[in-house]
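Asks: With the sequences and hints as input, model every part of the structure.
Sequence lines, in order, name chains A and B.
With the first sequence counted from 1, adding 650 to any position gets you the numbering used here.
With the second sequence counted from 1, adding 650 to any position gets you the numbering used here.
No incorrect hints appear here.
A pair counts as met if it fits within one copy or between any two copies, since identical chains are not told apart.
Here are the simulated DSSO-like pairs of lysine-lysine, each with C-alpha atoms no more than 27 Å apart in a straight line:
| id | residue 1 | residue 2 |
| --- | --- | --- |
| 1 | Lys731 | Lys783 |
| 2 | Lys783 | Lys793 |
| 3 | Lys709 | Lys783 |
| 4 | Lys731 | Lys793 |
Please keep in mind that the hints were generated in silico from the structure rather than gathered at the bench.
Just so we're clear, the structure is a prediction, and the values are computed from it rather than from any experiment.
There are 2 protein chains.
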Amino acid sequence: MPVHYIKSFTDVNALIQSWGIENYYVITDHNCETHCVSKLLGGQKLPTGRIFSFEPGEKNKTLHTFENGIELLSQNNLSRKDCILNIGGGITTDLGGFVAACYKRGIDFINIPTSLLAMVDAAHGGKVGVNHKHLKNYIGSFKPAKHTIICPEFLKTLPSDELESGFAEMLKHGLIADSDYWHDLISIDVQHTTASNWLNYIKTSIDIKSAIVSNDPLETGERKILNFGHTVGHAIESHLLHANTPVHHGNAVAAGMVIEAHIGISVTDLNSQSADAIKNHILSTYGKIPIHRDDIDRLIELMLADKKNHNDNVRMSLLNDIGDCGYDIPVSEELMRNALLYYIDL
Amino acid sequence: MPVHYIKSFTDVNALIQSWGIENYYVITDHNCETHCVSKLLGGQKLPTGRIFSFEPGEKNKTLHTFENGIELLSQNNLSRKDCILNIGGGITTDLGGFVAACYKRGIDFINIPTSLLAMVDAAHGGKVGVNHKHLKNYIGSFKPAKHTIICPEFLKTLPSDELESGFAEMLKHGLIADSDYWHDLISIDVQHTTASNWLNYIKTSIDIKSAIVSNDPLETGERKILNFGHTVGHAIESHLLHANTPVHHGNAVAAGMVIEAHIGISVTDLNSQSADAIKNHILSTYGKIPIHRDDIDRLIELMLADKKNHNDNVRMSLLNDIGDCGYDIPVSEELMRNALLYYIDL
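Replies: Here it is, written out as structure tokens:
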């Protein structure tokens with residue numbers, strides 16, 4: 651599952667050609683089809699039937715879109731020796747990876763993430779899947795990409811809100827595993843960092859994630875620390891998606907990290923100074939997510955339905971310190987309510 | 651992935667209880683719900699919401715039924731530590747196994763096959779999935795059952811056509827890997843064999859399949875010999891399903907073995923006496939499948955779409971001798987046409 655860091659679109663194209671794949675098939679969304687796929691191919695258009703492009707947005711990461719992807723592959727009768735290129739953000743690498751994982755019980759795929767979030771997180775680690783109704787990634791499997799290609803050229807035209815969303819997962823990498831990296835990151839000006847400067851941080855994030863995943867690919871233990879901020883974050887994301895006021899994944903996770911850091915003060919060794927530092931930095935970058943007291947019951951319900959939980963006990967991955975994270979830590983409903991209230995009242 | 655051979659329904663129930671599974675959830679079809687599930691549970695009814703029962707039949711082994719299964723699990727919020735019991739024939743173990751493989755990226759499942767076919771074949775080896783339109787098992791993955799329980803009591807009430815269908819896969823096991831077993835099997839009177847006598851043969855079949863699968867779980871090589879009879883058999887099965895005149899899987903595979911044995915005469919070391927012996931025994935047990943000259947083009951098309959093929963070359967698993975099978979053997983369209991004609995004109 652090598653990661654290739656390639657500076658220019660032309661070189662990405664050359665690298666793919668060098669692998670001598672007989673037939674490849676692109677999975678992407680309509681935005682990326684227009685803005686990214688043609689750049690990668692040097693302006694050439696893919697032949698009809700070689701591209702599956704879907705309506706962008708989390709609400710389309712469904713079994714229905716998955717089935718449409720399978721249908722187009724079956725019409726072209728891709729064999730198990732052919733290959734899929736997922737070109738896009740995390741929705742595309744999750745959905746396209748799941749199509750590749752299930753089509754004829756699995757064909758190879760290559761991820762070419764175009765968003766910062768996908769570059770540092772979604773495109774790595776083999777988690778693929780789709781949502782089921784409002785439940786994020788409820789249907790899926792584990793299948794790592796055969797190759798992942800990181801090309802920072804894509805970042806040059808990425809909207810600033812997309813940069814911020816991806817940056818939240820990078821902050822998480824520092825918080826769970828590397829306090830030096832966290833301190834480096836909080837000095838970054840997200841909006842004014844050049845593509846080549848991003849590349850160094852991206853490498854660090856990928857190295858942190860890859861080391862954790864390689865120790866526990868199927869998330870039976872240590873890998874769960876990558877879920878820091880996500881128990882609450884996913885609930886917020888699902889709730890706001892369902893309310894037709896979606897927020898970016900990273901922004902929901904950023905709020906989740908503030909709330910879960912606050913919970914940490916009560917149940918782990920995390921001191922309140924560190925929790926405050928996390929809160930202050932995240933609020934200064936992301937502001938507050940619009941959740942209200944009326945949303946708390948529903949958010950609790952969504953946390954209980956989270957994939958990681960068992961028997962109505964919510965178990966979270968929580969920081970012991972900046973750079974050190976535990977997992978499978980039981981958290982009472984009362985603590986969750988209090989922490990949500992704390993955030994809402996900030 | 652242990653296999654447990656348990657003589658009575660009561661002991662099956664006791665075995666499951668002994669594992670101390672906190673929550674289990676039954677996946678089955680309507681027929682099995684009536685005839686098998688209650689027997690296993692000693693007449694007790696499962697609480698509402700603990701059973702997902704679907705309309706029986708190959709035409710319901712779809713992504714739609716899969717999604718309904720996921721939906722019921724999500725309503726009950728099964729956690730990754732809970733367990734699914736698939737109780738039924740091959741359609742149920744394939745579909746239920748795929749639900750378990752994908753729900754929250756995978757929870758454990760136990761197979762309790764109730765048909766001879768599922769006991770000797772479908773319930774073992776980790777191939778799970780559903781059909782896509784007329785394409786058999788086109789969407790799926792590999793996930794072995796945590797336990798498989800073989801209880802020959804189920805065979806006592808199995809209709810004779812179901813016994814014959816399962817018996818075809820047993821014949822295949824002899825043909826691909828054990829000529830002594832083949833010779834034992836052809837002396838069996840399928841309709842008048844007792845449940846306890848079946849058990850010995852079932853064990854031999856499971857041992858043959860398990861040995862092959864453990865050497866090559868993901869079917870990159872040797873495991874392909876288990877597909878003997880299936881390139882042609884699947885095409886026949888898909889074609890007749892689509893024409894609303896379905897045949898049992900085993901009967902289609904039996905015809906496939908006759909046709910593929912005939913192809914073997916031209917492209918492997920198989921001698922015509924052995925091919926004739928296979929044909930004679932299979933025709934005496936199964937008769938002929940109703941396919942006609944007009945069907946040949948469509949059957950060829952379906953074989954080209956088969957999962958195992960690559961780049962419009964049909965590659966088959968073909969016998970070198972009774973008890974010895976090769977794989978990835980290219981077969982020309984002309985040979986396939988001639989062999990189909992040979993069968994049709996028998």
